[in-house]
Amino acid sequence: MNLDLSETQQMLKAGARELLARECPYDLVRETEGDPAGFSRPLWRQMSALGWPGLAVPERYGGAGGSFMDLAVLLEETGRALAPAPLFSTAVLGALTLLDAASDPMKDDLLPRIAAGQALATLAVVEPGGGWEPQDVKLQARRDGERFVINGVKLFVPNAHASDFIITAVRTAQDAGPEEGVTLLLVPGAAEGLTPVPHRNLASDGQCEVTFDGVSAPLSAVVGRVDEGGPVLRRTLQRAAAAKAVEMVGSAEAVLDMTVDYLKQRVQFGRPVGAFQAVQHHCANMSIDLEGSRLAAYQAVWKLSQGQEAAREASTAKAWVSDACLRICSLAHQCHGAVGFTQEHNLQLHTRRARSQEQAYGDAGFHRRLLARGLAASQTP
Amino acid sequence: MNLDLSETQQMLKAGARELLARECPYDLVRETEGDPAGFSRPLWRQMSALGWPGLAVPERYGGAGGSFMDLAVLLEETGRALAPAPLFSTAVLGALTLLDAASDPMKDDLLPRIAAGQALATLAVVEPGGGWEPQDVKLQARRDGERFVINGVKLFVPNAHASDFIITAVRTAQDAGPEEGVTLLLVPGAAEGLTPVPHRNLASDGQCEVTFDGVSAPLSAVVGRVDEGGPVLRRTLQRAAAAKAVEMVGSAEAVLDMTVDYLKQRVQFGRPVGAFQAVQHHCANMSIDLEGSRLAAYQAVWKLSQGQEAAREASTAKAWVSDACLRICSLAHQCHGAVGFTQEHNLQLHTRRARSQEQAYGDAGFHRRLLARGLAASQTP
Amino acid sequence: MDFRFSQDEEQFRQDLLAFLGAELPPGWEGLGDDWNLTLATRRKLAERGWLTMHWPKEYGGQEASPLLSLIFNEEMSYHRAPGRDPFGARMLGPTLMIYGSEEQKRRFLPPVARGEAQWCQGYSEPQAGSDLASLSVRAQDRGDHFLVNGSKIWTSLAHRADWMMLLARTDPEAPKHRGISFLLVDMRSPGVETRPIINMAGSHEFNEVFFDDVEVPKVNLVGERDRGWYVAVTLLDFERSGIDHAAASRRLLDDLSAFLRDDESAALIGGARRWMWDLLAERYVEAEVARLIAYRVAWMQTGGLAPNKEASISKVFGTETFQRVADTGLKILGPLGQLTGDDPRAPLHGRFQEAWRHSFANTIAAGTSEVQRNIIAGRGLGLPRG
Amino acid sequence: MDFRFSQDEEQFRQDLLAFLGAELPPGWEGLGDDWNLTLATRRKLAERGWLTMHWPKEYGGQEASPLLSLIFNEEMSYHRAPGRDPFGARMLGPTLMIYGSEEQKRRFLPPVARGEAQWCQGYSEPQAGSDLASLSVRAQDRGDHFLVNGSKIWTSLAHRADWMMLLARTDPEAPKHRGISFLLVDMRSPGVETRPIINMAGSHEFNEVFFDDVEVPKVNLVGERDRGWYVAVTLLDFERSGIDHAAASRRLLDDLSAFLRDDESAALIGGARRWMWDLLAERYVEAEVARLIAYRVAWMQTGGLAPNKEASISKVFGTETFQRVADTGLKILGPLGQLTGDDPRAPLHGRFQEAWRHSFANTIAAGTSEVQRNIIAGRGLGLPRG
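Protein chains in written order, with this note's numbering: chain A, 1 to 381; chain B, 1001 to 1381; chain C, 2001 to 2386; chain D, 3001 to 3386.
Hints should not be assumed to be uniformly reliable.
Listed next, with one range per pair, are the computed distances between beta-carbon atoms [what the hints assert, rightly or not]:
| id | chain 1 | residue 1 | chain 2 | residue 2 | range |
| --- | --- | --- | --- | --- | --- |
| 1 | D | 3190 | B | 1042 | 44 to 50 Å |
| 2 | C | 2031 | A | 214 | 32 to 38 Å |
| 3 | B | 1129 | C | 2308 | 45 to 51 Å |
Derived EDC-like pairs: lysine to aspartate or glutamate, alpha-carbon spacing no greater than 20 Å straight-line [to be verified]:
| id | chain 1 | residue 1 | chain 2 | residue 2 |
| --- | --- | --- | --- | --- |
| 4 | D | 3309 | A | 4 |
| 5 | D | 3309 | A | 261 |
| 6 | C | 2309 | B | 1004 |
| 7 | D | 3309 | A | 253 |
| 8 | B | 1264 | D | 3125 |
| 9 | A | 264 | C | 2131 |
| 10 | C | 2309 | B | 1261 |
| 11 | A | 138 | C | 2264 |
| 12 | C | 2309 | B | 1253 |
| 13 | B | 1138 | D | 3264 |
| 14 | D | 3044 | D | 3033 |
| 15 | A | 264 | C | 2125 |
So the derived list for chain D, only partly shown, Cβ under 8 Å to chain A, looks like this [claimed, not checked]:
| id | residue |
| --- | --- |
| 16 | 3277 |
| 17 | 3317 |
| 18 | 3373 |
Hint data in this document are derived by calculation from the structure and do not stem from the laboratory. This structure is a prediction, so every number in the text was calculated from the model and none was measured. Yeah, the Cβ is synthetic: ideal placement off N, Cα and C, and Gly gets one too.
Excised from the complex, chain A in its bound form (with noise of 0.2 Å):
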C-alpha cells in the first residue's frame, strides 16, 4: 500500500502549481467566461509546451509515457485552478479513449498532434432525455454503404466548438441489447452539417450542444469496432467520472483554503470569525468531506490506471465527491458571508463550477442508483 503520490507525481503537482498560480489567475477564469472559446488559447500552449496534453500518451505517440493516475494529478490542479482549458477533453476524454480502443493507423495519426497539443478532442456522449450509460445512446447513425450519416444532437460536449476531432456515441444497431449497437465514430470538429453552439449555462465553462445534420463519417472512422462501442463507452465513461472528481477535489481543496484564510483574518465581535465554534465546526465538516473525497477520487483514478475493473469505485467516487464538492461550497458562503456572494470574489467562481461538474458524468443519485443495482444483483461493492 502506498497513499502517497510518487516523487514524480509530488514534483508534478508542485509544477502545475506553481505554473496555474503565475498564468492562471482567477482573472484569467473570469475573462474566459464571457469568451466563445470558452478557455485560454495562451494557457492551453503553455500546458502544451510542458507536455501536458501528451503526458499519459505513450512515448511512442510523441507523449511522456505516463499514466492516467499522473495525468489525475494534473487535474487536481487544474481543477483546483479552475483552469479555462482542454486538457480534461484533450487528454481524458479524447487521448484515453483513442488508447483503448483506435486502431494503430488511427493512433498513429491522432496521438502524436494531441501529445503536441496541436489537436483537441472531445467526447459527444449525453442526448436529450438520455443518462451517462451506453444504453442511453441514441443518437442515430444510418449504414449508407461505405459510411454512416449522424443526424440528431448531443447535448454538454465539452469544448466542442473548439475541437479538432469529437469521439460520437451513435447508434447502429437497433434491436441489439442494451450495450450492443453503439459505435464510437471519430467526427471532424470542422465536418459538414456539424454545428456545435455553446450552451448557456451557470458555469460558462465551454460546454456545447452538438447538432448533427447529415454528418458523414466513412468506415475508418470508427474508433474501435462498429457495434462493439458500449463497453469502452462505458469505461470511458468511469474514467470520466473518476477524473471529474480528481478535478473536484482540487477545486474542493482551494474553497477550504480560501475559507480558511478569510476566516484568519476576518474579525467581527473583536475576534476572528474563525475562532467561533460554530464557524469551525463548518470547517471541520469540510475538511472531513475534502480527505473522504481525495481518497475515494484517487482510489477510482488508481484502479483504472491499473486497468483494473474499477465500476463500483467510479460510482463511489462521482456519488461521494459530487455531494461533498457542493457541501463545501455550501459551507464556505456561509463561513464568507456576503462577500463571498458577489461576481468580484473567487468562491462563487467554485461554486458554480461546482454544480456543472456535479452533473458531468452522473451525479451523486446516478451512480447511487448504478451501484444499487449492483447490489440488488447481488454484487457487494
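Position chains B, C and D relative to chain A; hints supplied.
Relative to chain A, chains B, C and D alone:
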C-alpha cells in the same frame, strides 16, 4: 385563525401535566417496562377517574363530549410523561373508530364502558410483511353462515394482552379493489383461539403479536359494514398517525427541556456546557424541529377533528415528526454525553420509544411515499 | 384552535389573486428585473391601500391584521409579483411609528403609502457585518446638521432609492452600542455615490454607498442621538420573516411537479421517476412546515406578542428549506438544470439554477443562520452567553 | 500510489480469516457477552502473537506495521470476533514503551502479550468528561505510596479488570494540567469498589469505580509525578481509530443486503424495494469512504507520521457513518426492526436496533464529535482558539 389552544384545552393540559408529574414519575415508566401488563393500572384508574378515556366520547355515551383535538392535548402530555397507560389505544384506536363506524347498539354497549375506563379497546392492523394501508390487510376471515372465522396473525397491536376488545381489520373478499373487501371486526380479548403475546422490542411498550387460531366472530361483531371497512380503516389510521405525532411532540419537548436544563448546570472547561456555540446550535436545531413538529401535528389533528379530509396533513405530520423527534433525541444524547446513554437516565427512555413511535402507523418514508403517490397523480399536497 | 383564515382574510386573498391575474403580464414568470413594472404595480397596490395595509389609517394604512399582511406576502411571493416595498412599507413605517417625530411621520410616510418613495437600508459596512454595532461610518455634529463620511455595503436597491435609513456613529468614544444614531438621508444629497455590486446570480441588487462630507439635517435624526442602535434593532425585528421563503419554495415545487406530470416536458429529462416524486414529497413536507411556522409568527403578532425565537426559527427554516428545494430541483432536472434562461433547452426557464444561486444570500442576509441560531439558543432557550 | 495491500499483508488477512473460521462457533453472530469465549480467544490470539503484534519483539510483539494492525482490527470488527484487548494491547503497551520504566515494562507488558491481564482506563469522572483535566480523584503522597480517594466513571470493563491506568491529582494547587499523575492500580487493592452502569442497550460495559484510601506503591507511577497529563494525552492518540466503525458498518450493510436479496427473508418485511437499495447504496458509499480514511491513518503511521487531524476525521466520520447505517437499517426493516433478539420475529437477530442503541455511545466515547471537530479545526486547520 387561532393557533393557540382554547382556554379549556390549556386547563386540560396544565391539569394533565400536574397529574402526570405527580403520579407518573419516570420510575413508574421504568418499572412498567418489565411488567407483562405493559401499563400501570393505578395510573389508568386515575386517568379514568378524571374522565380521560371518555374525553372525546359524546355525553350521551357517558363521555365528556370533547373533540379529537381535546384528546390530543392529553396525548401530548402522556407523550411527554411517557405515561404507561392504554389511553392511546382505548380512546383513539378504540372509541373514535367505534364512534365513526359502529352500529348504535354496539356504541350503546361499548362506549359507556370505555368512557368509564372499565373497558379497554385497541386496533389490530399491521401483519407480517404488510404496511399501514387498507390494501395491506390480508388476514383471512372466512364467512361461515352467520359468523366469520379468523386465522392468522396481527403484529404491533398496542396493549392487546390487556384489552377487552380488539378491533381487527380482516379481509372478507378477495378479488375486490384494494380498499374493498376489508371488514372491521370487534373481537373480544378473551375470545377462544386468540393469543396475544407481548413483542419484545427496544421500547418495551406493550405492543403485542396476536395470533388468531380459528377465532369466531358473529355478524353482529362487524364494525360498520361487511367489505366496506377500508375507508373507515384509512381514516382511523390517519387519526392514529396524527395522534401519534402529537404524542411524539410531547416526548420531544420533554427531551429538549431536560437537555437545556442539563446544559445550564453542567460545567466543563470553566463554563456551562450550554455556553458553547456548537452545543447552542444543537439546541437551536432541536427547537426548530420541535416548533415545526407541533404545528404540523396540531394541524393534522385539528383538521381530522373538524371532520375534514386530512390525508395530506396527517402524512405531512407523521413524516415530519417521526424524523424530527429522532433527530431531537440524537442531538440530546450528543449534548448529554455519556450520562444520557445509561439506563438510569430518563433521556434514553424517550429515545427508545421514539424509535417505536416512528414506526407506528407508518414512518417518515412511508408517509412521504404516500404523498409522492398523490403528487404524481396530480394532487398537489 | 383553528387553522382556517377568516372569511374576510380569504376574501382578501381572492381579491389579491384577482388583482394579480389582471395586472401581471400573461404567463408571468417573474423573470428579469423590470423596474418600471415594479413601480407601476406598486402604485396600483398603493391605490388599493395594500402596500401599507398594516399601517395606521392616518398615515395611509388600513390597520390590517398581521394575518392579512401574511397573506399579502405569501401570495406576492408565490406569484413572484413585483411591487412590494420591503424597506419603506415594512421597515421604515413601523420604525417611525415607534420612534419618529410627528413631523417625520407626516413627511416621510405618505409618499411610501402612495408607492412613490423608494427607501434603502444603510446598515452593513465592510468591517461590520454580523457584528453590526462595530460600524464606523461617522456622523459629526455640525450644529444644524450631521456631516457624514464613510461607506456602506450590501445596500439593496440603493441605486433605485430616494432615501436611506442610515446607521452612523455619532460618538466614537462611547461603547460601541451607545454612540450610534439613526438618520434619514436623501440619496440625492451632494457627496452620496452609489456603486453596483453584481452577485453570483449575475444580478444587480446590492450596492456600495459612499458618503463624502454629506450633510444630513438634524430634523432627520430618528429617536435620540446616540441611541440609534435600539431603533435599528427594533427595525431588524420587522425584517425576519419566513413566509416569503416558504411561499417561494412552494412555488418552485409546484412548477416542478407540473413539469414532471406533463409527459411532454418530463420527456425532456427522460421522464418522471419514482425517486423524483419521493424527493419532491420530502421537500413539500418541509415547505408545508415552513409555512406553518411563518403562520405562527403572524398569529403571535396578531395577539400583540413579539415573536423572537419564533421569528428566527421561521427565518432559518424558511431560507434553508428554499436552499434544499433549489438543490433538489437541480438534482431532479439533471444536466439540463444548469442551463440559464437564455438557453433554449433550459427547463422551467432556468428557474432552478437561478433560485439556487440566489439561495446562498438568503441564509446570510438579514442575520446569518448562525446569528439566528444564537438567538434561538440564547434569547429563546435561555442558554448562557458563550 | 498503490491501494493494494502487500502479499504478506494479504496473507495475514487470510491467516486471520482462517483462524476466525476455525475458532468462532459456527454461525457466529457476535451476539451476547460471552466472557469466557473472549478470554479463550484472546489467549489464542496471543499464542499467535497477534494480540500485541504491533509491539517490539522484546515485550512479546512482532513489530508489525500499522497496516497489519489495521487488517487485524478490520477483520476482527467485521466478524464481531471476541478477544481483542483495547486497553492493555492498544493503550497501555504503546504508552509504557514511551513513558514506562524498564521495570514497569518487564512487569506489566508480558502478561498483556500473553492475553492474561485485563486492563481498564480510569480517566473520566462525574465532573470531568470532555474537560478531562479538571479531574479531582486525589493521590496523596505517603512516602512509599500514594493514597488514592475519589471516583471514576464510564470505566469500561472495570468489572473484569486486573489493573487500571489511573489519572489522579497529585498537586491540587497547580494549574489543572500540571498536577496530574499517571498511576497503575491493582484493582484487587483494598478500598477499590466497582459498581455497574447498565446502558440503554441493556448491557453492562461501563462502571463506576470508587477509591477509598487505596494504597498505590510509588513504583507504579508512570513518567514523572505531576506530569501525567502528557502521558494521558499520548495514550488518547492511540484510542482514536475509525476502522472498527467502518468495518462494523460494512458488516451491517452486508447482512442487510443478504437479507434483502433472499426472497424468503425479504418477504418478512414485504419484499425488497428499489428505495431500500438506493438508501443502502448511499450508506455503502459512506462506509467505503470511512474505510479509506481509516486506511490513510494507518498508512501515515506506517511512514512514521503522527496522524492528528486525520485520526479525528476518521473517528468522527466512522462513528457518524455507523449511526447512519444503523438508522437506515431500521428504516428499511420497518416495524419489525424494533424487535430485540429474543423476539422470534426479529429480523437479523435484532442486530440493527441493538447497533442503533449502541451507536449513541460512539460519538461520545474517546472524545465527543464536538471535541474531535475542535481538533480538526484548531490543530488541523490552524483556526484560532475560541
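Hint check results:
no.	hint	verdict
1	D:3190 - B:1042: 44 to 50 Å	holds, 46 Å
2	C:2031 - A:214: 32 to 38 Å	holds, 36 Å
3	B:1129 - C:2308: 45 to 51 Å	holds, 49 Å
4	D:3309 - A:4	holds, 17 Å
5	D:3309 - A:261	holds, 18 Å
6	C:2309 - B:1004	holds, 17 Å
7	D:3309 - A:253	holds, 15 Å
8	B:1264 - D:3125	holds, 19 Å
9	A:264 - C:2131	holds, 16 Å
10	C:2309 - B:1261	holds, 18 Å
11	A:138 - C:2264	holds, 18 Å
12	C:2309 - B:1253	holds, 15 Å
13	B:1138 - D:3264	holds, 18 Å
14	D:3044 - D:3033	holds, 18 Å
15	A:264 - C:2125	holds, 19 Å
16	3277	holds, 4 Å
17	3317	holds, 5 Å
18	3373	holds, 4 Å
The structure meets every hint from the earlier list without exception.
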